[in-house]
Amino acid sequence: MEYLDFELPIKELEEQLDKCMVIGEESDVDVTETCKQIDKKLTETRKEIYKNLTAWQRVQLSRHPSRPYTMDYINAICGDTWLELHGDRNVKDDKAMVGGLGKIGDQSFMFIGQQKGYNTKTRQYRNFGMANPEGYRKALRLMKSAEKFGIPVVTLIDTPGAYPGLEAEERGQGEAIARNILEMTRLKVPIICIVIGEGASGGALGIGVGDKMLMLENSWYSVISPENCSSILWRSWEFKEKAAEALKLTATDSKKLKVIDEIIKEPIGGAHSNREKIFKTVSDAIVKTYDEFKNLSPKELVKNRMEKYSHMGVYNG
Amino acid sequence: MTAWFKRTEKGIQTATEEKKDTPKGLWYKSPTGKIVESEELAKNFYVSPEDDYHVRIGSKEYFQIFFDDNKFRELDAKLTSKDPLKFEDTKKYTDRLKAAEKKTGLKDAVRTAVGKSLGKDLVIAAMDFSFIGGSMGSVVGEKIARAIDYSIKKKIPFLMISKSGGARMMEAALSLMQLAKTSAKLAQLAEANIPYISLCTDPTTGGTTASYAMLGDINIAEPGALIGFAGPRVVKDTTGKELPEGFQTSEFLKEHGFLDFISHRRDLKKKVNQYIDLIQNNPIRK
Numbered sequence: 001m002e003y004l005d006f007e008l009p010i011k012e013l014e015e016q017l018d019k020c021m022v023i024g025e026e027s028d029v030d031v032t033e034t035c036k037q038i039d040k041k042l043t044e045t046r047k048e049i050y051k052n053l054t055a056w057q058r059v060q061l062s063r064h065p066s067r068p069y070t071m072d073y074i075n076a077i078c079g080d081t082w083l084e085l086h087g088d089r090n091v092k093d094d095k096a097m098v099g100g101l102g103k104i105g106d107q108s109f110m111f112i113g114q115q116k117g118y119n120t121k122t123r124q125y126r127n128f129g130m131a132n133p134e135g136y137r138k139a140l141r142l143m144k145s146a147e148k149f150g151i152p153v154v155t156l157i158d159t160p161g162a163y164p165g166l167e168a169e170e171r172g173q174g175e176a177i178a179r180n181i182l183e184m185t186r187l188k189v190p191i192i193c194i195v196i197g198e199g200a201s202g203g204a205l206g207i208g209v210g211d212k213m214l215m216l217e218n219s220w221y222s223v224i225s226p227e228n229c230s231s232i233l234w235r236s237w238e239f240k241e242k243a244a245e246a247l248k249l250t251a252t253d254s255k256k257l258k259v260i261d262e263i264i265k266e267p268i269g270g271a272h273s274n275r276e277k278i279f280k281t282v283s284d285a286i287v288k289t290y291d292e293f294k295n296l297s298p299k300e301l302v303k304n305r306m307e308k309y310s311h312m313g314v315y316n317g
Numbered sequence: 001m002t003a004w005f006k007r008t009e010k011g012i013q014t015a016t017e018e019k020k021d022t023p024k025g026l027w028y029k030s031p032t033g034k035i036v037e038s039e040e041l042a043k044n045f046y047v048s049p050e051d052d053y054h055v056r057i058g059s060k061e062y063f064q065i066f067f068d069d070n071k072f073r074e075l076d077a078k079l080t081s082k083d084p085l086k087f088e089d090t091k092k093y094t095d096r097l098k099a100a101e102k103k104t105g106l107k108d109a110v111r112t113a114v115g116k117s118l119g120k121d122l123v124i125a126a127m128d129f130s131f132i133g134g135s136m137g138s139v140v141g142e143k144i145a146r147a148i149d150y151s152i153k154k155k156i157p158f159l160m161i162s163k164s165g166g167a168r169m170m171e172a173a174l175s176l177m178q179l180a181k182t183s184a185k186l187a188q189l190a191e192a193n194i195p196y197i198s199l200c201t202d203p204t205t206g207g208t209t210a211s212y213a214m215l216g217d218i219n220i221a222e223p224g225a226l227i228g229f230a231g232p233r234v235v236k237d238t239t240g241k242e243l244p245e246g247f248q249t250s251e252f253l254k255e256h257g258f259l260d261f262i263s264h265r266r267d268l269k270k271k272v273n274q275y276i277d278l279i280q281n282n283p284i285r286k
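Sequence lines, in order, name chains W and B.
Its first residue numbered 1, the first sequence is counted upward by one per residue in the UniProt record's numbering.
Its first residue numbered 1, the second sequence is counted upward by one per residue in the UniProt record's numbering.
Incorrect hints may appear among the rest.
[To be verified] Here are the simulated distance ranges between beta carbons:
hint, chain 1, residue 1, chain 2, residue 2, range
1, W, Lys303, B, Glu74, 24 to 32 Å
2, W, Glu307, B, Glu101, 25 to 33 Å
3, W, Arg235, B, Lys271, 35 to 43 Å
4, W, Trp234, B, His256, 43 to 51 Å
5, B, Pro244, W, Val91, 43 to 51 Å
[Said to hold, decoys possible] Here are a few chain B residues that sit away from chain W, every Cβ distance over 12 Å (derived from the structure):
hint, residue
6, Ile12
7, Pro31
8, Gln280
[To be verified] With the Cβ distance kept under 8 Å, some of the chain W side facing chain B (calculated, not the full set):
hint, residue
9, Pro9
10, Met71
11, Tyr125
12, Pro164
13, Glu175
14, Ile181
15, Thr185
16, Val209
17, Val223
18, Ser231
19, Lys248
20, Val259
21, Asn304
22, Met306
23, Ser310
Note that these hints are calculated values from the structure, not bench results.
Small disclaimer: the values here were computed from a predicted structure and weren't measured.
Cβ atoms here follow ideal geometry from the backbone N, Cα and C, with glycine treated the same way.
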């Protein structure tokens, strides 16, 4: 178990509890009561810490090394119905963007999402969840294929951004994302988007336009990462906490700004503290959301979606 | 040496408006060091005659270039930005807005207008880089969306002139949503079979490139413009690689297949209208 800086009080109590139990087992001293008290304190502390998370702490949680990634959700939700599909039919198969078909109950879904790695090797293999243009084009190919057969699309968003590389620019990173955004506004099947970790800017939006936008409680969604915002506006990396607050990037703020529709609650301690529970919650949310849209005609669906995006923004006049 | 320059009268006060200044901008110096008289520059479409350097200009100049006799009607001129996030970095967003308005005389980073170009109606949305780096916030998104609506309603071709550093950070996720909003409108424009010309000028980067700038029926650019998704500094810092000569210029984009053509500023009006006539199967206007 890895602990974030603000979780240290939890770590301390857990260690105390462990020690207490060891004493109980190894000696004749009755520590049941002490253990119980520590346990109670632990639960309270955890609740207290998680109740008052700052924007920056949520950003930290969204990047927690044990946080479940896209494939964890897909494997848990679809089980052995999952069939991964590869390639953009043009340049290559982007490992930072995964996609394929799977079932929840009787219903097939096209799942698409950014994938991060678990250790140095797989992180590099997945390019830290930063897709190249071919990743976005692969995503679009799969969405078009889903549209052809009337299969709803679910996107799982978890990226620090689209990859800002030399070859990415040569192959038209901007164009690839722009094309996806446009096509997603008019795709004739339901699209459900879920931010499961990091939702950074165009890289997130490239698979993030849909009928319903959901966000996990400890994920973030904005136009730029707090670090980059700090470096541009404050000209220093030191103001990331301030930037995180200023950007209003948490799920609660995003909902207030109406850039998302719903928040998916995470277990206390974050998604990684109870993986089975979060998988179930997300699966249920997908089914419930799909129910809202499955009876709409393609025409109504697209009309409503375009209507929704035409209301985004705040201005005078 | 007597003090002939000594001030004899004390306490001379000149009101600011009466102060005389050397007129600014009589001369322009291009990046290669060529010097040109400002008047001459304006006559030459703000292109330095000796080295063909295309000086950054704004909506005012582009309207002048495209609309016959500089006659046009501005659309939604009164929209202004709000500060929904109460954003504050080293400065308050509201203060930045005020300062930008004062400096530029503009209300936000895009102006939209309709007028005749070679005798036929054209809707133009032209961005102003001088207003907070041409950044795209709610107002930019809304004005572009409404201009496209106007194009659809009146069946008039739409020309977007991009000049932007990307999304406006001070509107965070709301500014990100403008990518989706404008793209949804462009999908409707496409559905109505109305030509959309995207003109990329220096610079066109970030969220602008990741939305309307790359979605034209034709994408065109002025020579030597910086066009890209991630800025060159970011690419260099991330990859640690030296960037090749001419990386992310118009010519680079054309070579990689993202631009239909590059046009000198003096030919823009003719070429854009030529495309419109060709694609709509009309006689080509002179």
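Hints and how they fare:
| no. | hint | in the structure |
| --- | --- | --- |
| 1 | W:Lys303 / B:Glu74: 24 to 32 Å | holds, 30 Å |
| 2 | W:Glu307 / B:Glu101: 25 to 33 Å | holds, 31 Å |
| 3 | W:Arg235 / B:Lys271: 35 to 43 Å | holds, 41 Å |
| 4 | W:Trp234 / B:His256: 43 to 51 Å | violated, 35 Å |
| 5 | B:Pro244 / W:Val91: 43 to 51 Å | violated, 19 Å |
| 6 | Ile12 | holds, 41 Å |
| 7 | Pro31 | holds, 22 Å |
| 8 | Gln280 | holds, 22 Å |
| 9 | Pro9 | violated, 31 Å |
| 10 | Met71 | violated, 25 Å |
| 11 | Tyr125 | violated, 17 Å |
| 12 | Pro164 | holds, 3 Å |
| 13 | Glu175 | holds, 4 Å |
| 14 | Ile181 | holds, 4 Å |
| 15 | Thr185 | holds, 4 Å |
| 16 | Val209 | holds, 5 Å |
| 17 | Val223 | holds, 4 Å |
| 18 | Ser231 | violated, 10 Å |
| 19 | Lys248 | holds, 5 Å |
| 20 | Val259 | holds, 4 Å |
| 21 | Asn304 | violated, 11 Å |
| 22 | Met306 | holds, 5 Å |
| 23 | Ser310 | holds, 6 Å |
The structure fails to meet hints 4, 5, 9, 10, 11, 18 and 21 from the earlier list, while all remaining hints are met.
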